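Asker: Listed here are the chains, written in short residue letters.
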Amino acid sequence: MAARTTLNARRANRRHAADASLLLVAAAFVLPLAWVILSALDPQAGLKVKLPDGVTFDNFDAVLKPDVTYTPMLNSLILCGFATLLTVVCAALAAYPLSRFRSRLNRPFLLTIIFATSLPITAIMVPVYALFVQVNLIDTMQGTIFFFTASQLPFAIWLMKNFMDGVPKELEEAAWTDGASSFQSLLRVVLPLMGPGIAVVTVFSFVAMWGNFFVPFMLLLSPEQMPASVSINDFFGNRGTVVYGQLAAFSIIYSTPVILLYVLVARKLGGGFALGGAVKG
Amino acid sequence: MVVKESGNTRAPRLRTLTRALPVTPALVILVLFLAGPIAYCAYIAFTDLQLTGQAESSFTGFDNFRTAFEDDAFLNAVWLTLVFTFLSSIVGQNTLGLALAALMQRASKPVRTLTGGIVVTAWVLPEVVAGFLLYAFFRREGTLNAILDWLHLPSQNWLFTLPILAVSFANVWRGTAFSMLVYSAALNEIPKEITEAAEVDGAGGWRRMWHITLPMIRRSIGTNLMLNTLQTLSVFGLIWVMTRGGPGNRSQTLPLFMYEQAFQKSMIGYGTAVALLLLVVGSLFSLVYMRLLRTEV
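If you read the sequences in order, they're chains A and B. Going letter by letter, the first sequence gives residues 1 to 281 in the numbering used here. Going letter by letter, the second sequence gives residues 1 to 297 in the numbering used here.
Next comes chain B alone, as it looks inside the complex (with noise of 0.2 Å):
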């Protein structure tokens, strides 16, 4: 009896170790790449670590932090990255995104063919070299400026007089595609006969919009907002192609300022507090979202 109880208790143990087992592989390297360095972020970020002399940091509290939020160039860089964020993902992606899907919706085929196929274009290629072509556009010598003359109307070296408002621009050129798919996706989602009904009624464009389109497809504009946001929060690349943050510091947003401190200035405990602030409002976000998701798991 006693053997046959112990054999029953053990078998499913075994059985769901046995189950588990296909996991491994992803969960060591997880755990080694991924949380073994953000665990090691939350360490490093209190003590002075530096690029020279690595075994001499010692723990420092919360100096960097506090340091942080004295430091000029900081709330510099916070403030460019909620600007940087705002227009270029909550304003530009997401409601051009919207504007788009919603035009599909009426438009003949061909076009929107050929206007979904260039705005993906722009979302596929390399982040570098969208960096690259977008620097061209804004360049004194650029095409914008050529179109500005064209028009008759005054040009200006884009990337030093509004450098964060470029770069912006460069954001929405590249991940407006994004929130298209997402908002045609939901937008084909919507049953026909609800709209046709609102238009027999008299319902216009803007009203039928407002008070179904949207509420209807609130969960997606809900997570598209919190993916934007997030993809946003992390861009280097592109700003770094076209301006390396500058001119003087006019367009560093927080990854830049981290990269700046710990590597130019090698202060990796700094950079890495600075680094740690950034996970922690991703974190945030990615909680929020994780909330929304919550009936999918």
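With the rest of the complex left out, here is chain A (with noise of 0.2 Å):
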């Protein structure tokens, strides 16, 4: 009985001592966060975390117009809604042979996959931007989004393999027996239960590109086409002086869809929800 009593009090202070470390990460994390909170709504922003002088959404106006916040953000909604969706279909229709069928070329390309999801895609940039401008996609929404698309791909494929193999093979047999065709048990059978892992690939694919910066950076260039991961520079530099506030303001609004997404899909599925099958150890 004394050996259980001194186990749990070891416990509870193990507990407190584990809650108080992670309060004191949980605070050092916090102050950048709490930094651009705080100067989207401070009238006088600077560079340090402080409590504003009067709460204002002037910062919010200023940014709130075509030029600054519209056309980067709808820029940002394009290139990444097609490219997720390009990259959904595409996965879901390359993982189903991959899911479905035995063949000896299954094993090799799916090698090629992982490899392929490893690499490091900023090392190719400039190649790319040699290719394009060769082949006159340079500037393009479209090459964009394809090579959004590709870069994508790999883990999508992977991912979406992974949670097609979690649904059961006998229902599409049922089906075929009725005569469906693949593509039909695909489309009405499969995708249909495997809702979670097509919002998982879907909100994965679209957050990835939503922050991606170095990609739309290289391949456009015309300032009307860009999105917001790359106008948002524009605070630094031609603007002159930079209105922290407006910056703040803008990041907020240019974060919110991201870690909205992020959210609604965690809070569905748990946190890990993006590592999926990708990191089984």
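Hints are supplied without guarantee of correctness; some may be wrong.
Covered stretches of chain B (in silico footprint by chain A; criterion: 3 or more residues with CB under 8 Å from a CB of chain A, positions within the stretch not fixed) [what the hints assert, rightly or not]:
no., stretch
1, 25-38
2, 60-70
3, 79-85
4, 236-250
I should point out that these hints are in silico values taken from the structure, not numbers from a laboratory. As the structure is a prediction and not an experimental result, all values here were calculated from the model. No residue lacks a Cβ here, since even glycine has one placed at the ideal position from N, Cα and C.
Make the complex out of the two chains shown on their own, each in a separate frame, by following the hints.
Answerer: This is the structure in structure tokens:
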């Protein structure tokens, strides 16, 4: 009995110690986040975290204009929306035979996919730029969309295949007996059963592209085509002195969609959703 | 008989083809936009292609690589990449992520949710936004110095005096959530009985960690280190926003060096040679990662 009590007391102590350490780390992590929120509401925002002298929405008013916010956000939406759609459709189609049929080609294909998943895409941006200049895809939305899709596809196929493996084959065989083709059974039976999996692939691809800076920075040139990830730079360069309050307000507007998407999916599927089958150890 | 036999061999082949058909769209995109550029990369790395006068590039063999290894700026970039990767990914993200995951196993639920939420938010934020937040944090008139002043500790211009340390910290801030999620998942899979038995036998926290927990999650450690390292090798936006690789070239890692050579100095061939080296290093890591995952496929 005594041993049990000390064990419990020790556990309670450990819990307090763990709580204290975590709160310390949380405090360190929250400071930059606090800056962006407080500065966005501060009429005289500077670079350090401080309580605003008075709460104002002027910073938001100032940036909520077509050329500053709406156009870049719309560009981001077009780029990431189409690229995500293309990624999800291609990945679902490609994952189907990999998950359902045995073939000698499956293993080499999947190994190549995993290999490509981990390649540093940053490294190939210079040759991609040179290539896009040669084939006249530079400064085009469609070129950027295709490259975004290609960079995201390996991981999307791999995730999609793992989710598809989780759908029992019997249900599909029943559909085949009823005369459905493979394509019909994919569309009517398999995909509806892997809704969460598709949501994960969609959100993950979208979030990755929405935040990507280097790809559009390299492949797009004209200012009116720039997505928010690149146009945010203008707060520093072209506008002379930096208005930190407006920069903070824009950062919040630009980050909100991905945070909302993440929260939405994470609540349904648990925090580690994005890791899926990719890092099972 | 003959007809039937040939039909038998043709039918499965046709079936294989129809079954492989859905892979085509993905395959076309991957070949044109990923394999193509990589092959092109391997080609122009051996030429003297410049931004101006595209047509007159000629094959120069290993010249670009020879130049690179004699170029102090390149060697500096290699060194800074090693420092950046070691500090931020191997030490920072990995260790802090594991520590957070281990602490979360013991902490109370509200603290766990709060900390997890904050750390994950830093991870979900777009790269450039993260860059700005950390830029504001480390600037001379930023939050860090305000805190140091308050504690009566010497403040300094971090982005000028220790730029590589500042960007490494930024990468830890941004990337730790990934390790934390990986390790939380791994720790949750360890059966409670094992750690409890060790606890009853009197093994202290550190000994349990060292002799039981770490060996049990070693595959997660391997995969996590691999992915962290690959991720960190290709960081561009974060450093670009915070320091542009400067001051001078004191935070210029390989991706920034590659960009500078290819675009600010218009030497696409040379920049691509650097890219190819980066790609080769990435591929080696990638192969190790595949071996770690090999039972899965």
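Asker: Against each hint, give a clear statement of whether it holds in the structure.
Answerer: Each hint, compared with the structure:
| no. | hint | in the structure |
| --- | --- | --- |
| 1 | 25-38 | holds (count 11) |
| 2 | 60-70 | violated (count 0) |
| 3 | 79-85 | violated (count 0) |
| 4 | 236-250 | holds (count 4) |
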